[in-house]
Amino acid sequence: MNMSKQQKSFDPTAQPSGDGEDGTDLLVESLLGESDLNARLQSARALAESGNRQAVCSLVKAMGDRDYIFRAKLVKIISRVSHPSITEAVIAAIGDDDPYVRKSAIEAAQNINSPESVKAIARCLSDEEINVRESAVIALERSREAALVVEVLSAVLSDSHWNVRRECVEVLGKTGRAEAVEPLKRMFTDEDSEVRRSALLALANVDKDGIVETALAGLNDRDQSVVLEALYLLGEFGGAQIIPVLEERMHRQESRAIVKSSISQVIIRINSRDERPR
Amino acid sequence: MDYNNGIATKKRRVVITGLGVVSPIGIGKQEFWQNLLSGNTSIDQITSFDTREYPTRIGGELKNLDVKKYLSENDTRRFDETAQYACIAAMLALEDGNLSAESFSRERIGVIAGSSHGAIKTLERDIHALREIGLHGPSPFAMANASTNIAAGFIALKLGLKGPNFSIVSACASGTHSLGAAYDAIALDRADLMLAGGTEASITPFIFAGYSFISAMSKRNDDPRRACRPFDAGRDGFVMSEGSGFVVLEELNHALERGAQIYAEFVGFGATNDAVHVTNISRGGIGIRKAMQVAIEDAGIGLEDIDYINAHGSSTPLADKCESAAIKSLFKHHTKRLLVNSTKSITGHMMGASGGVEAVVCSMTITNNLVHPTLNYETPDPECDLENISAKSVEREIRYALSNSIGFGGANSSIVLKKYSRD
Numbered sequence: 003m004n005m006s007k008q009q010k011s012f013d014p015t016a017q018p019s020g021d022g023e024d025g026t027d028l029l030v031e032s033l034l035g036e037s038d039l040n041a042r043l044q045s046a047r048a049l050a051e052s053g054n055r056q057a058v059c060s061l062v063k064a065m066g067d068r069d070y071i072f073r074a075k076l077v078k079i080i081s082r083v084s085h086p087s088i089t090e091a092v093i094a095a096i097g098d099d100d101p102y103v104r105k106s107a108i109e110a111a112q113n114i115n116s117p118e119s120v121k122a123i124a125r126c127l128s129d130e131e132i133n134v135r136e137s138a139v140i141a142l143e144r145s146r147e148a149a150l151v152v153e154v155l156s157a158v159l160s161d162s163h164w165n166v167r168r169e170c171v172e173v174l175g176k177t178g179r180a181e182a183v184e185p186l187k188r189m190f191t192d193e194d195s196e197v198r199r200s201a202l203l204a205l206a207n208v209d210k211d212g213i214v215e216t217a218l219a220g221l222n223d224r225d226q227s228v229v230l231e232a233l234y235l236l237g238e239f240g241g242a243q244i245i246p247v248l249e250e251r252m253h254r255q256e257s258r259a260i261v262k263s264s265i266s267q268v269i270i271r272i273n274s275r276d277e278r279p280r
Numbered sequence: 008m009d010y011n012n013g014i015a016t017k018k019r020r021v022v023i024t025g026l027g028v029v030s031p032i033g034i035g036k037q038e039f040w041q042n043l044l045s046g047n048t049s050i051d052q053i054t055s056f057d058t059r060e061y062p063t064r065i066g067g068e069l070k071n072l073d074v075k076k077y078l079s080e081n082d083t084r085r086f087d088e089t090a091q092y093a094c095i096a097a098m099l100a101l102e103d104g105n106l107s108a109e110s111f112s113r114e115r116i117g118v119i120a121g122s123s124h125g126a127i128k129t130l131e132r133d134i135h136a137l138r139e140i141g142l143h144g145p146s147p148f149a150m151a152n153a154s155t156n157i158a159a160g161f162i163a164l165k166l167g168l169k170g171p172n173f174s175i176v177s178a179c180a181s182g183t184h185s186l187g188a189a190y191d192a193i194a195l196d197r198a199d200l201m202l203a204g205g206t207e208a209s210i211t212p213f214i215f216a217g218y219s220f221i222s223a224m225s226k227r228n229d230d231p232r233r234a235c236r237p238f239d240a241g242r243d244g245f246v247m248s249e250g251s252g253f254v255v256l257e258e259l260n261h262a263l264e265r266g267a268q269i270y271a272e273f274v275g276f277g278a279t280n281d282a283v284h285v286t287n288i289s290r291g292g293i294g295i296r297k298a299m300q301v302a303i304e305d306a307g308i309g310l311e312d313i314d315y316i317n318a319h320g321s322s323t324p325l326a327d328k329c330e331s332a333a334i335k336s337l338f339k340h341h342t343k344r345l346l347v348n349s350t351k352s353i354t355g356h357m358m359g360a361s362g363g364v365e366a367v368v369c370s371m372t373i374t375n376n377l378v379h380p381t382l383n384y385e386t387p388d389p390e391c392d393l394e395n396i397s398a399k400s401v402e403r404e405i406r407y408a409l410s411n412s413i414g415f416g417g418a419n420s421s422i423v424l425k426k427y428s429r430d
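Just so you know, the sequences run in chain order A and B.
Counting along the first sequence from 1, when you hit position 13 you're at 15 in the numbering used here, and nothing is skipped either side.
Counting along the second sequence from 1, when you hit position 314 you're at 321 in the numbering used here, and nothing is skipped either side.
If you are wondering where the hints come from, they were derived from the structure by calculation, not from laboratory data.
Yeah, the Cβ is synthetic: ideal placement off N, Cα and C, and Gly gets one too.
A portion of the hints provided could be inaccurate.
[What the hints assert, rightly or not] Covered stretches of chain B (in silico footprint by chain A; criterion: 3 or more residues with CB under 8 Å from a CB of chain A, positions within the stretch not fixed):
| # | region |
| --- | --- |
| 1 | 279-289 |
| 2 | 308-321 |
[Unchecked claim] As a list, the in silico DSS-like pairs of lysine-lysine whose alpha-carbon atoms are at most 27 Å apart:
| # | chain 1 | residue 1 | chain 2 | residue 2 |
| --- | --- | --- | --- | --- |
| 3 | A | 176 | B | 343 |
| 4 | B | 18 | B | 76 |
| 5 | B | 426 | A | 210 |
| 6 | A | 210 | B | 339 |
| 7 | A | 262 | B | 343 |
| 8 | A | 210 | A | 78 |
| 9 | B | 18 | A | 262 |
| 10 | B | 399 | B | 426 |
| 11 | A | 187 | B | 165 |
| 12 | A | 78 | B | 226 |
| 13 | A | 262 | B | 165 |
| 14 | B | 339 | A | 176 |
| 15 | A | 121 | A | 78 |
| 16 | A | 262 | B | 399 |
[As the list claims (entries may be wrong)] So these bits of chain B aren't anywhere near chain A, every CB distance computed over 12 Å:
| # | residue |
| --- | --- |
| 17 | 102 |
| 18 | 113 |
| 19 | 223 |
The shape of chain B in the complex, shown without the other chains (with noise of 0.2 Å):
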């Protein structure tokens, strides 16, 4: 391996050949990608606590999951909701790309899960039993919970897989970090094949409390579907949803050998800190913009060779503005070029599990050549000046995919998936 600024220069090609996801819109690839297209929302009043005290009653619950026809009584009941949601997207991912474990050494299969708030759920039941009962009020599975690597774990051991196993916590940004890592895991030869991607499932009374004193949160509780806005001028919060995304991360010569379907080739990948506040992204989106041209230079490619990017476009008065000052100040008259687009539009922000989500969508994109609507994109905001953001699907070629995911802590990601060629 040639390494030039820390760069590695002979990497083994990584390709995606695999997409699973659990979303409020959809689960499964197919089910999603045509509720993306239609801009089909289902952001909708929250019905798993009582919200009339909360200033954002608002959210995309998963209720359109059917756990039991994928995990058993034992694991529902052991393991988080987020374990749960993330180990379905992961045998989602493997069963859309045509695989099963027994056909790789198992010891070359890794999983890297992201999330923001991990087991939240369960910890405050077990919080609030420890409170009201004592002692003994907490499941005898809360500590399992109680560790933020518990959904890779899950997954491998109901998978079999041995391989690299760990979780990346950065926040919102933390799908788009796992990406990144099984990336780097394969092109460095640590592993042959990844699932890799985010979860959550943190619609909660804590984490909507804390994020309602910050005001970060959409107060549209009348008008639901339209509360998530993103580069909109009456963008007032983002809007909460829970879910998960995971892909298959393949060293290239294996998916040729078996006949794999690509989707995409994984070409960049870019990690910052803006290390300037914990909570606000920094003035001019510094940070993301310089994830990434991290991202772009890894992949080899110039600024002008990027067709789309996949915004992290929130919804947050702050974040929007400066996620499209980062755009522009990049990219400079090449702005004009690029199609820009919000998925958290559709799906609400799925936190943590956001950049797998994302990079399900990326991937579609490039296959398909479509870009799917920001929805509620009705009023430009001067603000976020970017030109080809559309509230209605766009079909073009699309070569290079950027994805941008930005988290508290002052975290980025950015990631370059490219059409797949042979040369």
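Chain A on its own, in the form it takes in the complex (with noise of 0.2 Å):
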């Protein structure tokens, strides 16, 4: 497509004016011949807008053009139509040659969220792009299928990037599942510090009655970003037992002015809770 350069100029609002009653043949002809980007676009836009059965068909077919901005933006079009061949082409683009497609189909597919969508998704959790990788974690968070998402991030938790490692963790965090437990534990030892930190708030989530334990440990993390978010859930979970540990690292020589703050934060907040009537 794209092939024929039009001379004629569409102009995808206006009114319909013979060609067909509701001017679908013009935007059409517009979707499928005009050389201007953004009037083929605004042409999707209205066919997508329409739904009907040529409008679909030639919306599917626009699919297989060659430019690659123009499949990026017009998977995101057409999936909001209903229809089950726009469906499958939304899919099938999440299998397209270029990334920019891939990421787009992605972020088009989570809104269709069926097993067939999931399985695509995931498998683009091996691409060899890193922002692929990245919205298939992201498009994960909104599936219904929790223990097949569990299932399928657990398995990506080493991948070398570690943002998409990031993602995982707080994808899984939000799943809320128990499955997901010992996976994220062995975040802890994670190279990246954010990583660490948001394993320790993906276990809060998932793991209420150890997160006090876990946040102790982060204690010592070598970070302080992981440090302060010990803290806090510290001051959230933790009771007047662990003031004495919290007194401790408190007063190590590397401790620095905004850990030193953040603990005696945490403990006021423990002991104001404490001193509440139950």
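Both chains are given apart, each in its own frame, so use the hints to dock them into the complex.
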């Protein structure tokens, strides 16, 4: 498509004028033949809005366009149309040759949320492009198949990119599933501080009983971000019995002002909670 | 000097003693500050080029600056607007600080000027001239302007300053990075006085086309003064503006010896990168969160000490959401006490100049204990649930102010300013 450059300029906002009762013919002509990217996308939006059979057929056909930017934008436009052929085309685009299109298709497919779309997205967890893998993880957050999500994400916690691992950790935490506890605990030894910090927060969602012990371990992390997050969780879930540990941490030589003052705040929080009538 | 994880623990103290600003809402700190407090924006239709084909046709052009009042015709002919604005802002900062370069050793006075797009107006004109006319089309000063350090160089040339001099490019975080680098230069005894800030003059056809393509700018063309609405549910993108903001950073003892007015003490600087995406801020704003944390660590204070945040607050749907998440994630329960505003709501987004301008704002905020309004903040966005954003000025004692800047390329920078006290 986009093979024959049209001389005629097409205004997709214009009222239908004879070529087909509702103007679909003109829109299709523009979608498949216009040289200007924005004009074609405007036609695509109008066709998606109408959603009639001819529109659906032409939109699916247009997904075979040579221009990757057009395909990437089009897949998001068509994903708003509820039609089996469209769903099929969106899922097919997840396997597009171009990573920009794959990423866009993943984002579009998360609204479909069918077992087929989840499987197609899950296949992208091993994509060669980092951005595609990140998008796949984020898209799975909205899946209703929580058990499947835990299974597939637990398998990619060793991804080579820290942010893919971090996103995995966040999504696992949001599943609230007990099966996520052990994989998340293993992430405490991750080389990246943001992964370790996210693992702490995620565990607070899936393992409330064990979070105090986990957070106490986090107090010894070499990164201040992790220590601050551990302190927050201890303030939320800890009791008076952890105060001596906090005091010891506060008086360590390496403790900076930001950590010392946070410890003071946590102790105040715990004490005020314990003093409250039960 | 002692170091702890790369952070110097014995540093010379650095204070802010002069403020200079060139902006669409005012030239010089007084006019600028008054317009900020009254939320008097000047965002309007772009007039410097034909925007009819552009989805965004509004911005904050610098229409109120009489360049000839400050610079010679030869200067304005040779140097791009970005360098001109920077030089004028730097001169205004020196004047405000009651300083002349003669009162210091020139070798100990430096300049760091940040800019996102540099001398883009000149470059566009010259590239066009090359195509239209050929080899002799571009100006003889094309190469001087094509050097990204042109603003810092022009200031040094104009004022005879021989200390550390360079430019920092980190997109819209450039101004704040420049301040941080200047603070380090004085703290580490490489200079006694630094002129630092940011400058931008990038309302051009090319830049507008580029930002339009990624749908980053507001399309509220029919209502320009209400287009920039950081943290508001109805925000739809940033509104570009231009100008420059510079501050005088000075070693404390120098400032005390000459009886300078001290606006604030510069106590913390944090710089990080998202390392995730080239144009989008990371989910949850983890990079800017870390920059704030590092700046607070550098200041040697606790999270609860921060009273006020001058947010990056660019009015783009994603960045405001992520910055809000970052603030809440770092400050936790303390977020409720924080006053947060966005200067860009009134000035528009001055791109690489923002950090310099917003340092001027923080200095004035600390001095006057007044937090300017966030213009157009009408409908709170549940995804930006910061409690203390106000569409009106707020009077409150501000001891510590934190200023954030976020730029393309994953750049983040934060600085902490403190109300000056002798101890």
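Hints, one by one, checked against the model:
1. 279-289: holds (count 4)
2. 308-321: holds (count 5)
3. A:176 <-> B:343: 25 Å, holds
4. B:18 <-> B:76: Roughly 39 Å separates the two Cα atoms, so the pair is violated.
5. B:426 <-> A:210: 42 Å, violated
6. A:210 <-> B:339: Holds, at roughly 19 Å.
7. A:262 <-> B:343: 21 Å, holds
8. A:210 <-> A:78: Judged against 27 Å, a Cα distance of about 39 Å means the pair is violated.
9. B:18 <-> A:262: The given pair, whose Cα atoms are some 21 Å apart, holds under the 27 Å limit.
10. B:399 <-> B:426: Satisfied, since the Cα-Cα distance of roughly 23 Å is no more than 27 Å.
11. A:187 <-> B:165: 60 Å, violated
12. A:78 <-> B:226: 20 Å, holds
13. A:262 <-> B:165: With Cα atoms ~47 Å apart, residue 262 of chain A and residue 165 of chain B exceed 27 Å; violated.
14. B:339 <-> A:176: 19 Å, holds
15. A:121 <-> A:78: 19 Å, holds
16. A:262 <-> B:399: 35 Å, violated
17. 102: 37 Å, holds
18. 113: 37 Å, holds
19. 223: 15 Å, holds
Of the numbered hints stated above, those contradicted by the structure are hints 4, 5, 8, 11, 13 and 16, listed in ascending order.
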